[in-house]
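Protein chains in written order, with full-length UniProt numbering: chain A, 1 to 160; chain B, 1 to 160; chain C, 1 to 160; chain D, 1 to 160; chain E, 1 to 160; chain F, 1 to 160; chain G, 1 to 160; chain H, 1 to 160; chain I, 1 to 160; chain J, 1 to 160.
One or more hints might be untrue.
Example chain D residues on the side facing chain A (calculated, C-beta under 8 Å, incomplete) [said to hold, decoys possible]:
1) 10
2) 93
3) 96
In short, the hints are calculated from the structure, not lab data. Don't be surprised by glycine CBs; every beta carbon is placed ideally from N, CA and C.
Number of protein chains: 10
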Amino acid sequence: MSLATLDVSQHPNLPQSSATLFAAKAQKKVTFEEIAKVVGRDEVAVAALFYGQAKASPEDIKNLSEYFGIEHATLEQQLGGFPDRGKSVEWPPKEPLIYRLMEIVQNYGYAYKAILNEKFGDGIMSAIAFSTHVEKEVDKDGVTWVNIKLRGKWLPFTRF
Amino acid sequence: MSLATLDVSQHPNLPQSSATLFAAKAQKKVTFEEIAKVVGRDEVAVAALFYGQAKASPEDIKNLSEYFGIEHATLEQQLGGFPDRGKSVEWPPKEPLIYRLMEIVQNYGYAYKAILNEKFGDGIMSAIAFSTHVEKEVDKDGVTWVNIKLRGKWLPFTRF
Amino acid sequence: MSLATLDVSQHPNLPQSSATLFAAKAQKKVTFEEIAKVVGRDEVAVAALFYGQAKASPEDIKNLSEYFGIEHATLEQQLGGFPDRGKSVEWPPKEPLIYRLMEIVQNYGYAYKAILNEKFGDGIMSAIAFSTHVEKEVDKDGVTWVNIKLRGKWLPFTRF
Amino acid sequence: MSLATLDVSQHPNLPQSSATLFAAKAQKKVTFEEIAKVVGRDEVAVAALFYGQAKASPEDIKNLSEYFGIEHATLEQQLGGFPDRGKSVEWPPKEPLIYRLMEIVQNYGYAYKAILNEKFGDGIMSAIAFSTHVEKEVDKDGVTWVNIKLRGKWLPFTRF
Amino acid sequence: MSLATLDVSQHPNLPQSSATLFAAKAQKKVTFEEIAKVVGRDEVAVAALFYGQAKASPEDIKNLSEYFGIEHATLEQQLGGFPDRGKSVEWPPKEPLIYRLMEIVQNYGYAYKAILNEKFGDGIMSAIAFSTHVEKEVDKDGVTWVNIKLRGKWLPFTRF
Amino acid sequence: MSLATLDVSQHPNLPQSSATLFAAKAQKKVTFEEIAKVVGRDEVAVAALFYGQAKASPEDIKNLSEYFGIEHATLEQQLGGFPDRGKSVEWPPKEPLIYRLMEIVQNYGYAYKAILNEKFGDGIMSAIAFSTHVEKEVDKDGVTWVNIKLRGKWLPFTRF
Amino acid sequence: MSLATLDVSQHPNLPQSSATLFAAKAQKKVTFEEIAKVVGRDEVAVAALFYGQAKASPEDIKNLSEYFGIEHATLEQQLGGFPDRGKSVEWPPKEPLIYRLMEIVQNYGYAYKAILNEKFGDGIMSAIAFSTHVEKEVDKDGVTWVNIKLRGKWLPFTRF
Amino acid sequence: MSLATLDVSQHPNLPQSSATLFAAKAQKKVTFEEIAKVVGRDEVAVAALFYGQAKASPEDIKNLSEYFGIEHATLEQQLGGFPDRGKSVEWPPKEPLIYRLMEIVQNYGYAYKAILNEKFGDGIMSAIAFSTHVEKEVDKDGVTWVNIKLRGKWLPFTRF
Amino acid sequence: MSLATLDVSQHPNLPQSSATLFAAKAQKKVTFEEIAKVVGRDEVAVAALFYGQAKASPEDIKNLSEYFGIEHATLEQQLGGFPDRGKSVEWPPKEPLIYRLMEIVQNYGYAYKAILNEKFGDGIMSAIAFSTHVEKEVDKDGVTWVNIKLRGKWLPFTRF
Amino acid sequence: MSLATLDVSQHPNLPQSSATLFAAKAQKKVTFEEIAKVVGRDEVAVAALFYGQAKASPEDIKNLSEYFGIEHATLEQQLGGFPDRGKSVEWPPKEPLIYRLMEIVQNYGYAYKAILNEKFGDGIMSAIAFSTHVEKEVDKDGVTWVNIKLRGKWLPFTRF
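Just chain A, with the same shape it has in the complex (with noise of 0.2 Å):
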């Protein structure tokens, strides 16, 4: 089985954590899956972690400090501050993987909108109180479907 990895050419704009944290991966040949339970994260919210795009806890540090031998104080250093979010992927997307995530937003946009404006009202479903987790499914035929839950708080519009 391949292991997801970080090319730093690739993405020269990611957070020296990325390198980091990638690198550590890489020479212990761990999945995402392994990590999440050291750290007690969904994997998600890990592999986000590892591209800069969520908030390491002190905890959170200490424990892939100690997982992945790697000096707690460079880990602090790197991983201390705020993720600075937007910068792993370029937009529109070229990926194709997340292109189709992407097109799922373009083709259904407008009905989720209509859906939820009329089970909920005038807002938006919050992508920041939100949390998302993955799970595969093989079906009884023997076909393989990915499941993406996205749980996201409801914020209605304020009236002023």
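Position chains B, C, D, E, F, G, H, I and J against the provided structure of chain A, taking the given hints into account.
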């Protein structure tokens, strides 16, 4: 409770069927949830059909025609072809609800890719062999959450 | 004193309600400040409503209908749905007044982020659970200043 | 509490002073609020200065040099010129916190214009003769709010 | 001598006043120079007014109405509001004359900035507290030159 | 008084001569006005030369070499070719001072065209057979104004 | 042999004269070569005039009016002003023939610049003091070639 | 007379051969016209080769190697592959000389198409089976003109 | 089985012939495969002709006129000119089927270039001297495959 | 015969494996056709692998390592992860060979869609469950043609 409507002047490039169907919906004052029961499809699929983003089967056309009292020939002429998808959402979207869905892809795009690659190998989640469903959740603290489920077939890249 | 008006040929993609309301406003020769008192909302919210960027409550529709002498059914049909936001301002804006607001975000964007992160943690200021208010100030030297207040709920990123 | 930091690999086009100042800030482990007291300026202005978006006075340079123990000549050479603004935020922004500020302008741009025109006449709010301030508010229900104040000189279009 | 005219099919998003005024100008066969004398404003300002880029005073409306024999109420309704600037020139411009003006900014932008910063400090030349004037020059060799004068108030960045 | 400087990390695509010249200028602590006297050219032209937007004559190279004590061969190698214009300003510009110059073209572009066409016929003002000059003005009320003069040869479209 | 025609629905932003002239051309079934003889101009210039990209002289209007039997007043009203160039070709062009012309500039742009700079000095080839001509060539092997000649005045950059 | 040179910091994405060749050219102080004689190709082709936009034959490599005293193996390694065209000119071009060439295509694109269609039928002028040549002309009034000849094979669209 | 149709409101910039032909096709309820037999051309070519992307010969016009019962003069007037290609697909495409074709070029573009260069030398595959054909394949496992064949003339770059 | 090579300065964002593999290929002086035989894959797939657009199996890595004499550990580290597709071709492409492939999609996109919809129903041709093959053809007149075959699984839109 308000209903989702369509203002044609805001969407000059939607198909004629969109105008026809939304006008009928506004007149009958029904939600997509109610229409979905009549058509026997998920409400997101029905809303997508109204926005010209999903194919109507002959049965769908018959059901919609009868339910809304739209002449069958008219609806068949407008809905009988193949959807010309991608004309509903301007891109990048400025609509706040749709933007946040896109932002989830922007922020978690590579995290999803890494997780899916490690779980499934080299491939993509199909946006075609795909379904989606929306659910409302009120948690024990009375907070309202949106749950969106995306389910797509896993397509491995062909080795050639 | 001049009044804010709408020239539909300059804004072909605004909802029909915008044309209806601005025409009524021009005929009655009233400012947004005056309308705001009738509707009982902030004048920025009322102007946003006129531009199709805010939701009208049933009460708003009733008040506007009576105040302007617009048939209630017409206004309800045009304003009863959910706003399809994002169709008023072309982006990036060429309008000088709007550009300068955008420029403030361009120049101070990361400064705001740094300050807010240090004061509140990892999160965002909501643009949905949000209100805004404009005030005129003439200082002791007779210089006129604009004060714009933005008040948004702080939303911390969910840890997952 | 985490501190705002700068990862130079994410911001290759900021001035050298940004790297110098953020490195010193990280080493001394101080917030912008603390630095602002030393410099005697608003914390947003100080953060903007760190991001190369505001001018440092000779006094600022002296204060920062002493406070952080950076050689005065170095800081003067890096901060002594005029800011070359606009190189901090990619545009349109993908950073969620910054995006929402932009979204406020997108959604309320014409509403602000209409209100300001009716209150002040034909002109703009200056983004140059301008100051801004951020405040934290916890309301009686314990909900946290961000308050951003924008104060700009009103500039009427010259009639010629 | 040819006159500047407006072909509405080329400029569908100009205000209605543009069509009205240019039609009247074409019928009366007058230059902007002549109109400028009637209105008592610079001819560039008058042309800008015709393109919907400058505010008309009540006096301007009265003068234009009388001069062109346009019904006062019509012109007041079309010109009485505030200009919604930025809808005349597509950007970047493909029109050769306008492109060259933009090219001057592209080529000399930082040179102007450097000179103005050294002469005036940290600030900008206002495009609002601004006037401009065009003059024709034929030099001693019979060569024809255009002279454009830009005069804008210097606005220093506020220190805060 | 501050001096205009160049931070190479903000302008990675300027020619090497820009780095050389700005470093020398910073070291000698001179304004463009002073350099202009040495070179015998307008200060805007000199600044443009520093930004790689104007051609240096052999005499210019000699003068600059002597004045700044830069080895003649080095400067000749860096400045002896032809300018590769257009690499200084990102477009559209986010720098506020440069943006306002562009905004003048956006707002008054067609007004200039109309006036120039009526005064000169069908053609353009050259940006090549062109010079520009900046002057500071303090009016009788003590208000500071920038005056920018643009002088370009009129080029009529060839009839063929 | 087919004739070049104009389908207005494909070019909604061309001037009215384009519709008028192309309709007359289609009715009279004549080529641009034939029209060029009547007007006494190069056929490329005449086609450019039909597309609203070249100025018609009073004589041109008279000739075209007589030749096509279009009322003189109509044609004068539509063609009497100054061309508003740049509205015929969307940019970048998707039309294959036009794309290839653009590609020549993309591929050989810097080669032309280098050659012209060495042959003529620092300047440009004017696109205004400019003419162009097309010729058909069949070589000795029976292969058909297009020859396009571009002739533009050399404009040296003014030293100032 | 100045020579065309290359500043690598302005063109970071040109092939290594460009740096090698331009450095040799600068050292030997020769024009493209002189090099063209050595290589036996048109000077535009040679300049294109220097910019990585044309293929070098083994003979070209040998000639250039000998003429400039560049080690043959080095040049062969750098020039022996196939050009990866399109990386020299940013698009749209801001360089004034290149812009004007593009502007000719913008202004006369459809005129060329109409003329070529009527003269040759449905097809395009090839930019591949293509050559170009530049000539200097001084007319009887002493005015200097550039003549650029484009010669491309006519390719009719295949009927299928 | 559904038929491909055209909704003009989704494609406002197609030629009039597209509306005429698709309306006739919808009324006669025929597939492109059937029409292709009548016209004697490949079905892709016929569909391209319906979308205004291929030239109709006089024979095609006659055949289509007779087959669909469209007045010959009407069809000749609409189809007799030269296609103005490139107005059918917005770019980049949001239509999922068309996007995937583009994605193949994005992913395999340089692979094709490398293979073609090594097999054929320096040149391109013509998109003009070009034909294409689509075939349906059901493999032994009952899986359905699309086969698209692209056949283009190899055009070597001219050495000059 | 020339070989396809990679100039890293032209492709700074390709993965490290691209530099490694292309350097080895240049040194060994082999074509993709020869490498393809060693790897046992189609030559387009091999070229795609070199450009970081296809996954290498452990067997591929072993074969390439042995064939080129690259240390296995190095190649495994560089090629062992999942391709991060979409970083090879800038978009839209300026490379002429790649552009023409894109142009085929631009011109025939809706024609393909119409034909595929009528032949297969509502769905897409997969670019993932996909293979492609290139063949050289010399016809009886000695003309050289490229044949590109695209074979993708048909994916019907799921009805939900």
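Each hint, compared with the structure:
1. A distance limit of 8 Å between C-beta atoms decides the matter here; for residue 10 (chain D) the minimum to chain A is near 5 Å, and the interface restraint holds.
2. Taking 8 Å as the C-beta cut-off, the interface hint given for residue 93 (chain D) holds, the closest approach to chain A being about 7 Å.
3. The interface hint given for residue 96 (chain D) holds, since its Cβ lies 6 Å from the closest Cβ of chain A, which is under the 8 Å cut-off.
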